[in-house]
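Using the sequences plus the hints, can you model the full thing?
2 protein chains.
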Amino acid sequence: MKSIGIFFKPDLEKIASSFAKKLEEKNVNIKFFSSNVLEINYKTDVTLVIGGDGTVLKAAKFVLSPIIGFKGGRLGFLSSYTIEEFEKFLKDFETNQFREDKRQFLEVKEINALCLNDVVALKEPSQKMVDIEITFRDGNFVFHADGLVISTPTGSTAYSLSLGGPILLPNVDAYVLTPIAPQFLASRSVILPDYEEISVLTSFETHLIVDGVDYGKFKKFSVKKSEKNITILRPFDYDFSKSIKEKLGYGKNYFK
Amino acid sequence: MKSIGIFFKPDLEKIASSFAKKLEEKNVNIKFFSSNVLEINYKTDVTLVIGGDGTVLKAAKFVLSPIIGFKGGRLGFLSSYTIEEFEKFLKDFETNQFREDKRQFLEVKEINALCLNDVVALKEPSQKMVDIEITFRDGNFVFHADGLVISTPTGSTAYSLSLGGPILLPNVDAYVLTPIAPQFLASRSVILPDYEEISVLTSFETHLIVDGVDYGKFKKFSVKKSEKNITILRPFDYDFSKSIKEKLGYGKNYFK
Numbered sequence: 107m108k109s110i111g112i113f114f115k116p117d118l119e120k121i122a123s124s125f126a127k128k129l130e131e132k133n134v135n136i137k138f139f140s141s142n143v144l145e146i147n148y149k150t151d152v153t154l155v156i157g158g159d160g161t162v163l164k165a166a167k168f169v170l171s172p173i174i175g176f177k178g179g180r181l182g183f184l185s186s187y188t189i190e191e192f193e194k195f196l197k198d199f200e201t202n203q204f205r206e207d208k209r210q211f212l213e214v215k216e217i218n219a220l221c222l223n224d225v226v227a228l229k230e231p232s233q234k235m236v237d238i239e240i241t242f243r244d245g246n247f248v249f250h251a252d253g254l255v256i257s258t259p260t261g262s263t264a265y266s267l268s269l270g271g272p273i274l275l276p277n278v279d280a281y282v283l284t285p286i287a288p289q290f291l292a293s294r295s296v297i298l299p300d301y302e303e304i305s306v307l308t309s310f311e312t313h314l315i316v317d318g319v320d321y322g323k324f325k326k327f328s329v330k331k332s333e334k335n336i337t338i339l340r341p342f343d344y345d346f347s348k349s350i351k352e353k354l355g356y357g358k359n360y361f362k
Numbered sequence: 107m108k109s110i111g112i113f114f115k116p117d118l119e120k121i122a123s124s125f126a127k128k129l130e131e132k133n134v135n136i137k138f139f140s141s142n143v144l145e146i147n148y149k150t151d152v153t154l155v156i157g158g159d160g161t162v163l164k165a166a167k168f169v170l171s172p173i174i175g176f177k178g179g180r181l182g183f184l185s186s187y188t189i190e191e192f193e194k195f196l197k198d199f200e201t202n203q204f205r206e207d208k209r210q211f212l213e214v215k216e217i218n219a220l221c222l223n224d225v226v227a228l229k230e231p232s233q234k235m236v237d238i239e240i241t242f243r244d245g246n247f248v249f250h251a252d253g254l255v256i257s258t259p260t261g262s263t264a265y266s267l268s269l270g271g272p273i274l275l276p277n278v279d280a281y282v283l284t285p286i287a288p289q290f291l292a293s294r295s296v297i298l299p300d301y302e303e304i305s306v307l308t309s310f311e312t313h314l315i316v317d318g319v320d321y322g323k324f325k326k327f328s329v330k331k332s333e334k335n336i337t338i339l340r341p342f343d344y345d346f347s348k349s350i351k352e353k354l355g356y357g358k359n360y361f362k
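Just so you know, the sequences run in chain order A and B. Counting from 107, one number per residue, gives the positions in the first sequence under our numbering. Counting from 107, one number per residue, gives the positions in the second sequence under our numbering.
It is worth saying that the hints were derived from the structure and are not from the lab. A portion of the hints provided could be inaccurate.
Identical copies go unnamed one by one, so any copy, or any two together, can satisfy a pair.
Here are the simulated DMTMM-like pairs of lysine to aspartate or glutamate, each with C-alpha atoms no more than 25 Å apart in a straight line [stated by the list, open to error]:
1. Lys358 - Glu302
2. Lys348 - Asp117
3. Lys194 - Glu131
4. Lys362 - Asp345
Quick look at the structure:
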């Protein structure tokens, strides 16, 4: 891997520069160095992303190469190293010791948006509950709720989890539907296979929010598995259960 | 489909007999007629099962043919017709109008048991909480709890649901792990892809219960996807979401 792109959160430019300098000393060709997604050049072997999960989410939609995320402090779900672990990364990089962690995108075709975490339909605070009808090839459900989250396995540890949803390992080929404040106690998540295309119809216009970006108000949209996925390169000893245990305390051995 | 087996819950023998009679009038060859799984003859085109989900669970492990379940009163998740709908079934049977609903088995190799719903590790009522360590290729978790349920998508509407777990559509290729009364608030379900083999190690012996049958006490066992699956034949208009709506009221339109 000799050609690299660097994408960074604007306030981390200094750290990004020091990474670039160290890589150039190792004769790595830095093809782009930017905090603006529009300046991302596609033709690199790998893209380093410096920032939290939000920065990785942003970059992932624009790059075609695998991604390696670096975060200050504790690891995010989508970051592979802390910023402090850059030297460890350099060693792994020189020996090409990585493990591939593939994540699937969804897409909302009406707004031409890719989704790595979740697609959310959400009413205005001042509005009453909305009827949300979900139709897929093999059935349909109606929720009377404040909104609905359609999440990837990647997004299952984000908003869906806050709403009481389950944790999906990244390589489960499925979506999670989790209603927001549903009436009639219908608060459980439903898991659908990811080959289903989901049509959403709401009784009045709701905000359509994809990976945290509000695309305005819609009454109707559809969600399906995208042709795009992204590979995150991980240290060889990475496993997803470790990040669940470290970040959420879930399934951790408290007695060791 | 001209060769049929009939398996029935002992107290439904009279109904089973009347079904057999009507089928013989249509020149159907009844290859076995029993309430004893050991008398199930493998070589039929289809097996009619008269009884609830428990009876279907029992029969499913012994037959190689597709199954059609008949239940008194309301439909079960695994039944395709109510007993009252036998005439409707006969029509579908004559025109061979069925829809296939395939369900995956798990297996617990230490006890040579097949599982269609769930594998449960459960402590004695008088015992303190147990540490349950789950190991799979891509990671591990430890739960401090009364027990743990490892469920198929089929079992996701049974014990796992009672414990707060999500609903999985039958065709999701995954397991659900749902802890029973976990400490440390780690009560969410975890969904794993079904190609993972799961090893379970408990800090003291717990009851190993597969589809409701107690196999005695174990400290160690493993669960993996079986080579066996079972096809349930359904009326053509069946969809799983309908049974969720009818039986649980989940995702139902209350305003129509």
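Do the hints match the structure? See the list:
1. Taking the shortest Cα distances, Lys358 and Glu302 sit within 25 Å of each other only across copies (20 Å), while inside one copy they are farther apart (34 Å).
2. Taking identical chains as interchangeable, the C-alpha atoms of Lys348 and Asp117 are never at most 25 Å apart, the minima being 29 Å within one chain and 51 Å between chains.
3. Proximity of Lys194 to Glu131 under the C-alpha cut-off of 25 Å is restricted to the intra-copy arrangement: shortest distance 16 Å within a copy versus 77 Å between copies.
4. Taking the shortest Cα distances, Lys362 and Asp345 sit within 25 Å of each other inside one copy (19 Å), while across copies they are farther apart (47 Å).
In this structure, the one hint that does not hold is number 2.
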